[in-house]
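Engineer: Here is what each chain is made of, one letter per residue.
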Amino acid sequence: MKFSEVVQRLGVPVDRTSLSLESAHDPEMVGVAAVDEATSGQLSYIDGAKFAAQIKTTQAIALILPRSQDLQAAATERSIAWIETAEPRLMFAQAIALFYQAFQPDPEIHPTAVIHPTAKIGTEVAIGAHVVIQANVTVGNQVCIHPNVVIYPDARIGDRVVLHANCTIHERTRLGTDCVIQPGAVIGAEGFGFVPTAQGWYKMQQSGCVVLEDGVEVGCNSTIDRPAVGETRIAQQTKLDNLVHIGHGAQIGFGCAFAAQVGLAGGVEVGNRVILAGQVGVANDAKIGDGAIASSKTGVHGTVNPGQVVSGYPCVDHKIYLKSSAIYSRLPDMYQTLKQLQKRVEELENQGLERAE
Amino acid sequence: MKFSEVVQRLGVPVDRTSLSLESAHDPEMVGVAAVDEATSGQLSYIDGAKFAAQIKTTQAIALILPRSQDLQAAATERSIAWIETAEPRLMFAQAIALFYQAFQPDPEIHPTAVIHPTAKIGTEVAIGAHVVIQANVTVGNQVCIHPNVVIYPDARIGDRVVLHANCTIHERTRLGTDCVIQPGAVIGAEGFGFVPTAQGWYKMQQSGCVVLEDGVEVGCNSTIDRPAVGETRIAQQTKLDNLVHIGHGAQIGFGCAFAAQVGLAGGVEVGNRVILAGQVGVANDAKIGDGAIASSKTGVHGTVNPGQVVSGYPCVDHKIYLKSSAIYSRLPDMYQTLKQLQKRVEELENQGLERAE
Amino acid sequence: MKFSEVVQRLGVPVDRTSLSLESAHDPEMVGVAAVDEATSGQLSYIDGAKFAAQIKTTQAIALILPRSQDLQAAATERSIAWIETAEPRLMFAQAIALFYQAFQPDPEIHPTAVIHPTAKIGTEVAIGAHVVIQANVTVGNQVCIHPNVVIYPDARIGDRVVLHANCTIHERTRLGTDCVIQPGAVIGAEGFGFVPTAQGWYKMQQSGCVVLEDGVEVGCNSTIDRPAVGETRIAQQTKLDNLVHIGHGAQIGFGCAFAAQVGLAGGVEVGNRVILAGQVGVANDAKIGDGAIASSKTGVHGTVNPGQVVSGYPCVDHKIYLKSSAIYSRLPDMYQTLKQLQKRVEELENQGLERAE
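Protein chains in written order, with this note's numbering: chain A, 1 to 357; chain B, 1 to 357; chain C, 1 to 357.
Next comes chain A alone, as it looks inside the complex (with noise of 0.2 Å):
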């Protein structure tokens, strides 16, 4: 693909890229790299002054720049071809689509499929060898179920969603569209619910059920487990990465991103577009507001205000944390110099007792 036609592709004004100088010239371009790894041919970006310095060195033919004189001037001495935008990493992000897609299997359900004659299947749907359908199971039109998939009765499976191979969707789970639940994910099975009682734990039933709105990916392995009554819900467009685990009854908003491996408990609140970093942990009190960030391996417990920033076990104010933890170290100096004040105080207090008297 011509540099001319990426540009055109992406939708940028040539006056934005370096077609619009005299020296212009259009390179062939074979994929895309990072600034770091491109070779020939390749089509990078860079994201601010962190790497700017690479522009000296990257093998790259096509550099996609934030808006800076000195960046551009820097690329068009190397004969690199460059695009301006205020967001390099998105359009990177774009520019990546236009050379790759991810595996998409033939709308064709395999033979080895085991499919309830209940079930009801959309149009061009694609179901992968060995996938097993229970009764009453919808699955929307333009789905991709890969191999080994293993879906339970009455599920509800919206348009364009994707279930990779080896992932189990529970009874009565409701899939808005567009989600993707990637490989070895557990939606729906249930919630951890036993009672204490003098003979042992009761196992209490869970009757409830996970609804993912339109647009929920699960990365790999992740459980969201339902409740014993009413649902486990993420609201659209949320995003959970590997491992993560989310307890019966949680109630997340639109937009949130959690990181591998958190682990939220049964009943816990999440608003919108909250950030949850690696490890973080929230306990079944907790109500997080809107817009609310937790920092890696964060312990949330009890009430987070709506753009708070928290960090620490048990968290606090990110600022806070900050510099408690720069004092942690310090903590064998602050005991031993609090001993000689100690010391140095009872020495003052006796040689004024002694002057008293």
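FYI, nobody ran anything at the bench for these hints, they're computed from the structure.
Treat each hint with caution, since some may be false.
Pairs of lysine to any residue, SDA-like flavour, derived with a Cα cap of 20 Å [claimed, not checked]: (1) C:K323 / B:I327; (2) A:K343 / B:K343; (3) A:K203 / B:T177; (4) B:K323 / C:I327; (5) B:K203 / C:L10; (6) B:K323 / A:A49; (7) C:K50 / B:G267; (8) B:K339 / A:R330; (9) C:K319 / A:K343; (10) C:K339 / A:G307; (11) A:K50 / C:D333; (12) A:K339 / B:T177; (13) C:K203 / C:E231; (14) A:K339 / C:D333; (15) C:K323 / A:G11; (16) B:K287 / B:G267.
Just so you know, these numbers come straight off a predicted model, no measurement behind them.
Take the given structure of chain A and dock chains B and C to it, following the hints.
Structural biologist: Leaving out everything else, chains B and C in the frame of chain A:
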């Protein structure tokens, strides 16, 4: 189902219900729900003061209540039928089971299941599509094996066990009766046994096995490893949530509950009725006594005494943890105060010196 | 197997065993066991002082011992045959392999496996029931693929690789020779790449791939993601335990060992022979030098130097961590002491003031 039938099935004496009142009515119940989500015709429960206010707004037509004349009067006033019990949550769990049963496939063997001729299969067993059962496996009576489960050779599966979709049971694993293994769980895989040598890691064959006693439940995508020699053993009625890891050779008592993402290193010893909250980690030298509790994210090293409650990383007694963690966010202030005190004491000492001269 | 045969197969000179003694006997060995669990006829080992007392009570008929005349004399006294070695645990691992081999299916292709006609399958390959191998996959010689494994298109599987049940290998993944992938692991799925925009998350296609070099092992239900561009690479002989997450684009050296539930964010760089204990988290800016160690639950940010041992969250040098965490539980006392000191100093200052007046 009439309210009176619910009362009867739950075994509650009529004089502990609103049926004993003059104003008694006997509404039709159509299901169960949380008190703040119940719609007309649903049964719900109130467990303690936290939810008491909702008695004024709930749409539930009947409630399971604690022993409180105030709550009962409030329910009666709103024409809500009620049942009194010392343990509302437990009775609600029993009530759910009146209205709901989890999906239970018919006891038949799907023709696509691949079962080794040497395997012994009990009576009334359900074996789903694409299940694989290897040589010399023994499966008890009334066992339910959901689709795409794989059982390696020589495993023994007790009566009434449920193996959910896509889970894997390794060679020589022994499951007692009434165990439930949720989807994607892996029981009895090789422990992480590598001996460091000058030439790199030497792989220790894991010749032992995993034993789960009667009534053990294992959550989605949890993993329980077998040891090099001997057994990894989990005693009866212990319940594990999702994404839990149990290392090779761990010994776990009966009636424990481990929440999601708990991890136990190899060789750990855990007593009976121990509760580990979410994301707790237990190091490989640890011994945890009967009835101990570790709060979420606790890092357990060394010995935890029977009945002790521990928190923090590294763990300390929970009361100490509460005090210390409360002070954590004041560390910057403490540090400043300490520095100032040092100066002030120095000044006092200098004044004393001057006076002494 | 006779003890003398075990000695010979392990390659130990007879004069380093009890066979060199006058009182020598040559018992029959029936298996291996831990020293405190061994029954008659079993071989065990003692590794260091911690277990030395058990030499007086063990029922083992032979022991692998460290170079200690005392231990050897104690064994001889109880008529226990013994082998002397500098590394008892390593030799015990070698001894296990004399008595035990993990389940190895016959090299045949099960008729229910679905193999794309363009896939290239090597010689002496075992492919279990319900395996799915997509287009253009290459499988080396003597590979063992257990039931219900799914391999996406264009993956390359090296010689002697073992893929355990229910694991998923994504498109373009490259596995070197002798890799072992435990059940449920997912290799090469889409990295968690979403670019924030005013309209919500924009999904970045993940066009890269995962490369595992020779001898890499991946634990049950672990997940290794592919990046947007380039590779996620794990160098040879690195071993991952269960439920480990490796983010997109991470670069990991050779000979590392990561314990269960470790999580690495995208783009992390890890050197050679690095050891990460259980539940360690590594943030996306981190670089960990060769031979570094992080103790369990450590939260790694920034740079860890070669050979450094770090602990804590956020991580600090292990020695500092030990001191600081020891003081953590004294924080309430320190706080009280500090408050009292403040008062006492104030009083002293007031006295000085009075005296000065």
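Engineer: Which numbered hints does this structure break?
Structural biologist: 6, 9, 10, 11, 12, 15
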